[in-house]
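A.B. asks: These protein sequences, in sequence, are chains V and H.
Going by my numbering, the first residue of the first sequence is number 1, and it counts up by one from there.
Going by my numbering, the first residue of the second sequence is number 1001, and it counts up by one from there.
Because the hints were derived from the structure by calculation, they are not lab data.
Treat the hints with care, as some may be off.
[As the list claims (entries may be wrong)] Partial pick of chain V residues on the chain H-facing surface, computed with a CB cut under 7 Å:
hint : residue
1    : G25
2    : Y26
3    : E44
4    : R53
[Said to hold, decoys possible] Label pairs and their calculated CB-CB ranges:
hint : chain 1 : residue 1 : chain 2 : residue 2 : range
5    : H       : G1090     : V       : R56       : 42 to 48 Å
6    : H       : G1090     : V       : G83       : 46 to 52 Å
7    : H       : K1036     : V       : G38       : 19 to 25 Å
8    : V       : G20       : H       : Q1086     : 56 to 62 Å
9    : H       : R1012     : V       : P43       : 18 to 24 Å
10   : V       : E67       : H       : A1076     : 36 to 42 Å
11   : H       : A1142     : V       : D41       : 31 to 37 Å
12   : H       : R1135     : V       : D41       : 27 to 33 Å
13   : V       : G69       : H       : Q1148     : 41 to 47 Å
14   : V       : K7        : H       : P1104     : 26 to 32 Å
15   : H       : P1104     : V       : A80       : 30 to 36 Å
16   : H       : V1122     : V       : S97       : 42 to 48 Å
Computed from a predicted structure; not experimentally measured.
The C-beta atom is built at its ideal place from N, Cα and C for all residues, glycine as well.
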Amino acid sequence: MRAEALKGHLDGLILATLKGGPAHGYAIAQALRARSDGAFDLPEGTLYPALHRLERAGLVSSVWSTEAGRRRRTYSLTRAGGGALDERRSEWRLLSSAIESVLA
Amino acid sequence: MSWIAEFEDELRRRGVRAATRERLAAEFTDHIACEKEVRIELTRLGAAREIAGQYAEELASHETRHAALGAFAALALAAIGLVVSQAALGRIGYPGFSHGASTPLALIAIAAMVIGAQVALVTGTLAAWRALHRREPSLPAAEIALIQRRTKIALAAGLTTTAAMLLYVVDFTSVPRTVSWLTVRMVRK
Chain V
1 MRAEALKGHL DGLILATLKG GPAHGYAIAQ ALRARSDGAF DLPEGTLYPA
51 LHRLERAGLV SSVWSTEAGR RRRTYSLTRA GGGALDERRS EWRLLSSAIE
101 SVLA
Chain H
1001 MSWIAEFEDE LRRRGVRAAT RERLAAEFTD HIACEKEVRI ELTRLGAARE
1051 IAGQYAEELA SHETRHAALG AFAALALAAI GLVVSQAALG RIGYPGFSHG
1101 ASTPLALIAI AAMVIGAQVA LVTGTLAAWR ALHRREPSLP AAEIALIQRR
1151 TKIALAAGLT TTAAMLLYVV DFTSVPRTVS WLTVRMVRK
């Protein structure tokens, strides 16, 4: 699936991935790939602008840690992020059901 | 040139601050190291210049929006100060533009206060309105330039108004009632 098709949904997908627990950028990219059975083959670098955007909006928070001698930024879902995820899920259900009705 | 070097170079070229560049470089270094651990030879990060460009555009959009709203808040506070001071001066009686140290100076100050305040109000409101209504993460360059231009004009007009208020005060320091009004203002602060 091309990155273009995911436009507008990436933030929600990241929030859903972080619902499972804190993770760093690479782990989030792998989780997205695994959970979509490889369908989401987007350039992984695009995750970071999205993560920073979500952090500026207060939907995720992040902390530095050290792993194998290198710095690592780990992201977690905030309370506001949990609420935003619920909203996005509801919106997606409405949208997908409407599209399904039209396409079927 | 390595992926990280190319990425940092593009961010620098687009004016992204050093602290932000360092943070991103550390994150991408970790990402590439993780890829190497699982023997991914070619990075899946995507094109360094495109990712840097996307990041810089989003950051510029966010900062422009933030600046427009911040400037509007500052101008609103200055406007409240202007209204309160003029209301207080109105209560004790305006000294009259010809009773200060210099009539031309008083006229310039009054004109600048009236015009500057209106320009600041209109352009500041337009900039804030635009910033609030364009919520997409990455604004087009023309949109960013428009909001920045309006914000700059609003701030310049606000500064002109403030300078005119000071000029007005200086011009009327010889009028006893104005001096007492100023003293009251300063003591209350």
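A.B. asks: It remains to establish, for every hint, whether it holds in the given structure.
C.D. replies: Quick rundown of the hints versus the structure:
1. G25: holds, 5 Å
2. Y26: The hint holds - Y26 (chain V) has a Cβ within 7 Å of chain H, the shortest such distance being about 4 Å.
3. E44: Hint holds; E44 (chain V) Cβ to chain H Cβ min 5 Å, cut 7 Å.
4. R53: Holds: closest Cβ of chain H sits about 5 Å from R53 (chain V), inside 7 Å.
5. H:G1090 to V:R56: 42 to 48 Å: holds, 44 Å
6. H:G1090 to V:G83: 46 to 52 Å: holds, 49 Å
7. H:K1036 to V:G38: 19 to 25 Å: holds, 21 Å
8. V:G20 to H:Q1086: 56 to 62 Å: holds, 59 Å
9. H:R1012 to V:P43: 18 to 24 Å: holds, 21 Å
10. V:E67 to H:A1076: 36 to 42 Å: Since E67 (chain V) and A1076 (chain H) have Cβ atoms about 47 Å apart, the given range 36 to 42 Å is violated.
11. H:A1142 to V:D41: 31 to 37 Å: For D41 (chain V) against A1142 (chain H), whose Cβ atoms are near 33 Å apart, the range 31 to 37 Å holds.
12. H:R1135 to V:D41: 27 to 33 Å: holds, 28 Å
13. V:G69 to H:Q1148: 41 to 47 Å: holds, 42 Å
14. V:K7 to H:P1104: 26 to 32 Å: About 60 Å separates the Cβ atoms of K7 (chain V) and P1104 (chain H), which means 26 to 32 Å is violated.
15. H:P1104 to V:A80: 30 to 36 Å: violated, 56 Å
16. H:V1122 to V:S97: 42 to 48 Å: Check passed, 45 Å falls within 42 to 48 Å.
In this structure, the hints that do not hold are numbers 10, 14 and 15, in rising order.
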